[in-house]
Amino acid sequence: MPDSAPLLQLHQVSKVYRNGTVALKDANLAIAPGEFVSLLGASGCGKSTILRLIAGLGRPSAGSVAWDDPSHQGDLAFVFQEAALMPWATVLDNVGLPLKLRGYAPRKIRAIAQEAIALVGLQGSESTYPRQLSGGMKMRVSIARALITNPRLMLMDEPFGALDEMTRSRLNADLLQLWQDQQWTVLFVTHNIYEAVYLSQRVVIMAPQPGRIHAEIAIDAPYPRREPFRTSLQFNQYCREIAEQLAIADAV
Amino acid sequence: MADLKTLRRFSRFTGWLSPEVLAPLIVGFLILTAWELLVRITGLPPFLLPGPLLVIQTLISEWGSLWPALLITLKITGIAFLFAASSGLLIAVLFVQSRWIERSFFPYAVILQTTPIVAIAPLIIMWLRNNTFAALVVCAWIVAFFPIISNTTLGLHSVDHHLKNLFQLYGASRWQTLLYLRLPSALPYFLGGLKISGGLSLIGAVVAEFVAGTGGAASGIAYQILMSSYNLQIPRMFAALFLTTLSGVVIFIGLTFLSEALLKHWHDSVVHHEN
Chain A
1 MPDSAPLLQL
11 HQVSKVYRNG
21 TVALKDANLA
31 IAPGEFVSLL
41 GASGCGKSTI
51 LRLIAGLGRP
61 SAGSVAWDDP
71 SHQGDLAFVF
81 QEAALMPWAT
91 VLDNVGLPLK
101 LRGYAPRKIR
111 AIAQEAIALV
121 GLQGSESTYP
131 RQLSGGMKMR
141 VSIARALITN
151 PRLMLMDEPF
161 GALDEMTRSR
171 LNADLLQLWQ
181 DQQWTVLFVT
191 HNIYEAVYLS
201 QRVVIMAPQP
211 GRIHAEIAID
221 APYPRREPFR
231 TSLQFNQYCR
241 EIAEQLAIAD
251 AV
Chain B
1 MADLKTLRRF
11 SRFTGWLSPE
21 VLAPLIVGFL
31 ILTAWELLVR
41 ITGLPPFLLP
51 GPLLVIQTLI
61 SEWGSLWPAL
71 LITLKITGIA
81 FLFAASSGLL
91 IAVLFVQSRW
101 IERSFFPYAV
111 ILQTTPIVAI
121 APLIIMWLRN
131 NTFAALVVCA
141 WIVAFFPIIS
151 NTTLGLHSVD
161 HHLKNLFQLY
171 GASRWQTLLY
181 LRLPSALPYF
191 LGGLKISGGL
201 SLIGAVVAEF
211 VAGTGGAASG
221 IAYQILMSSY
231 NLQIPRMFAA
241 LFLTTLSGVV
251 IFIGLTFLSE
261 ALLKHWHDSV
271 VHHEN
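Chains as they are written, first to last, in the numbering used here: chain A, 1 to 252; chain B, 1 to 275.
These are computed hints drawn from the structure, not numbers from a lab.
Certain hints may be false.
Pair ranges (Cβ atoms, derived) [unchecked claim]: (1) 20/A to 116/B: 35 to 43 Å; (2) 70/A to 98/B: 25 to 33 Å; (3) 134/A to 105/B: 38 to 46 Å; (4) 20/B to 44/A: 44 to 52 Å; (5) 122/B to 107/A: 40 to 48 Å; (6) 20/B to 106/A: 39 to 47 Å; (7) 107/A to 173/B: 20 to 28 Å; (8) 56/A to 265/B: 57 to 65 Å; (9) 157/B to 134/A: 24 to 32 Å.
Nothing here was measured: the structure is a model prediction, and the numbers come from that model.
Note that beta-carbon positions come from the ideal geometry of N, C-alpha and C, so glycine has one too.
Make a model of the complete structure from these sequences and hints.
This is the structure we're talking about:
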């Protein structure tokens with residue numbers, strides 16, 4: 001874990017739903033500013049629960065979620081597995097939504113949204129409607145909407161899970177580029193080992209029933225990570241190590 | 001440029017003559033022909049069943065009395081429809097503000113809907129004795145407003161779960177969520193309600209006119225249908241009936257066009273898939 005003070009710290013966090021399901025048990029996790037951390041595990045191991053608790057879309061049953069600066073705790077963005085775009089609004093209006101909700105002037109929203117759209121490589125699509133976009137482009141719009149508020153923490157819940165492999169690789173590379181350029185802090189949920197290793201500085205492996213954190217593996221590979229990294233020996237060793245840990249996590 | 005315009009106009013023209021339009025037209029023509037032949041061959045007297053040609057002749061000769069009557073009915077229909085649309089929308093918005101409001105009041109909307117209008121129309125006409133027009137509007141409104149309430153309420157509730165979370169995440173106010181999320185999500189449902197309600201407004205107006213007519217109060221086209229049947233002017237009755245039905249079809253087509261225009265960019269019901 002990097003030396004700087006954590007941006008966010010989960011301390012013994014548990015979440016029990018009303019029907020008695022233990023979605024998350026005693027999770028401890030610290031995220032430093034500028035880190036790229038992945039939560040990896042089978043479905044039902046509490047990955048999404050952690051994101052939702054951090055986002056404030058639910059309260060922990062026990063434990064605490066502490067920010068370094070409590071006044072900034074709402075300063076985050078959430079990217080869902082589905083692009084979750086408003087079908088009745090153009091790309092520009094979808095991207096500008098967070099600013100509209102914060103009461104920015106239309107002219108200003110337009111300018112900032114156009115910048116965000118350019119950042120994700122969709123310039124020229126400002127006035128198209130979500131229906132006309134491919135799955136990958138919809139996800140880019142969703143990312144542009146997330147980055148528009150310049151959030152301190154980007155929460156991503158299997159954002160590329162529904163995309164084909166080629167599109168996924170392309171978006172992985174573009175996401176890493178943005179992370180470096182914009183100096184984001186990212187907490188990324190996935191069930192894809194290769195994606196987790198390729199993207200992250202740290203992979204947090206989770207175990208199901210009850211959902212809990214099983215192990216953490218640091219990925220010590222320099223950025224920028226280019227395509228050859230995906231086929232390197234080092235990459236494969238990390239994948240194998242994580243696969244072994246996942247097998248143990250499932251067996252316990 | 002001019003060529004493109006002509007081409008587009010031409011394609012629109014051929015669109016009107018597409019098999020979808022032609023097929024029902026041919027069926028209609030065949031039925032009318034058969035009807036006319038049946039009447040002529042069997043020599044049925046017009047007061048039992050007039051042929052279509054006689055109905056058209058009557059329509060033209062009685063136009064001076066039927067057209068003003070139709071306008072009255074359409075005015076009742078239109079006002080009732082506008083009231084139904086606005087009150088239905090408003091009530092639906094109130095309903096989604098709290099589960100308890102919805103639970104407490106929705107059953108009464110159902111009761112109002114399931115009470116036969118023929119049964120309560122005399123009461124309403126009696127209460128509003130001095131203003132038959134208003135009484136008829138109220139009757140048509142009662143028939144028309146329920147589909148809008150129930151459809152719009154459903155629509156306001158069926159908001160994409162992730163979008164709802166997103167609005168919550170960015171601290172959207174209740175008002176913002178209603179305006180930018182719930183109302184747009186409900187638009188296709190609301191428009192679906194309008195399509196049903198447009199026809200019901202007309203039916204409500206006609207039924208109420210019948211009831212009022214039996215009580216002696218003159219009104220629109222349905223009153224003319226009633227009077228024609230009393231006087232055994234059956235061709236005239238058919239002509240009035242034809243006008244009423246035609247109005248219903250026009251209302252439906254108009255609302256369908258409105259719906260398509262408003263949803264053309266985004267909704268599955270309008271967007272044409274190529275596969």
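(request) Mind checking the hinted window 20 to 28 Å against the Cβ distance between residue 107/A and residue 173/B? (result) holds, 22 Å
(request) With 40 to 48 Å as the target window, see if residue 122/B and residue 107/A comply at their CB atoms. (result) violated, 60 Å
(message) Taking 24 to 32 Å as the stated bounds, is the beta-carbon spacing between residue 157/B and residue 134/A within them?
(response) holds, 30 Å
(request) Could you check the hint for me, namely that residue 56/A and residue 265/B are 57 to 65 Å apart, CB to CB? (result) violated, 33 Å
(request) Take the C-beta atom of residue 134/A and the C-beta atom of residue 105/B, compute their distance, and say whether it sits inside 38 to 46 Å. (result) holds, 45 Å
(request) State, for the Cβ atoms of residue 20/A and residue 116/B, whether the hinted interval 35 to 43 Å holds or is violated. (result) Once the Cβ atoms are compared, 49 Å apart, the range 35 to 43 Å for residue 116/B and residue 20/A is violated.
(request) Please test the hint of 25 to 33 Å on the beta carbon pair from residue 70/A and residue 98/B. (result) Given a distance of about 32 Å, which is inside 25 to 33 Å, the answer is holds.
(message) Just to be sure I understand the hint, the distance between the Cβ atoms of residue 20/B and residue 106/A should be within 39 to 47 Å; is that true here?
(response) Check passed, 42 Å falls within 39 to 47 Å.
(message) I want to verify a distance hint. Is the separation of the beta carbons of residue 20/B and residue 44/A within 44 to 52 Å?
(response) Holds: the Cβ-Cβ distance is about 49 Å, inside 44 to 52 Å.
The structure fails hints 1, 5, 8 (numbered hints given earlier, in ascending order).
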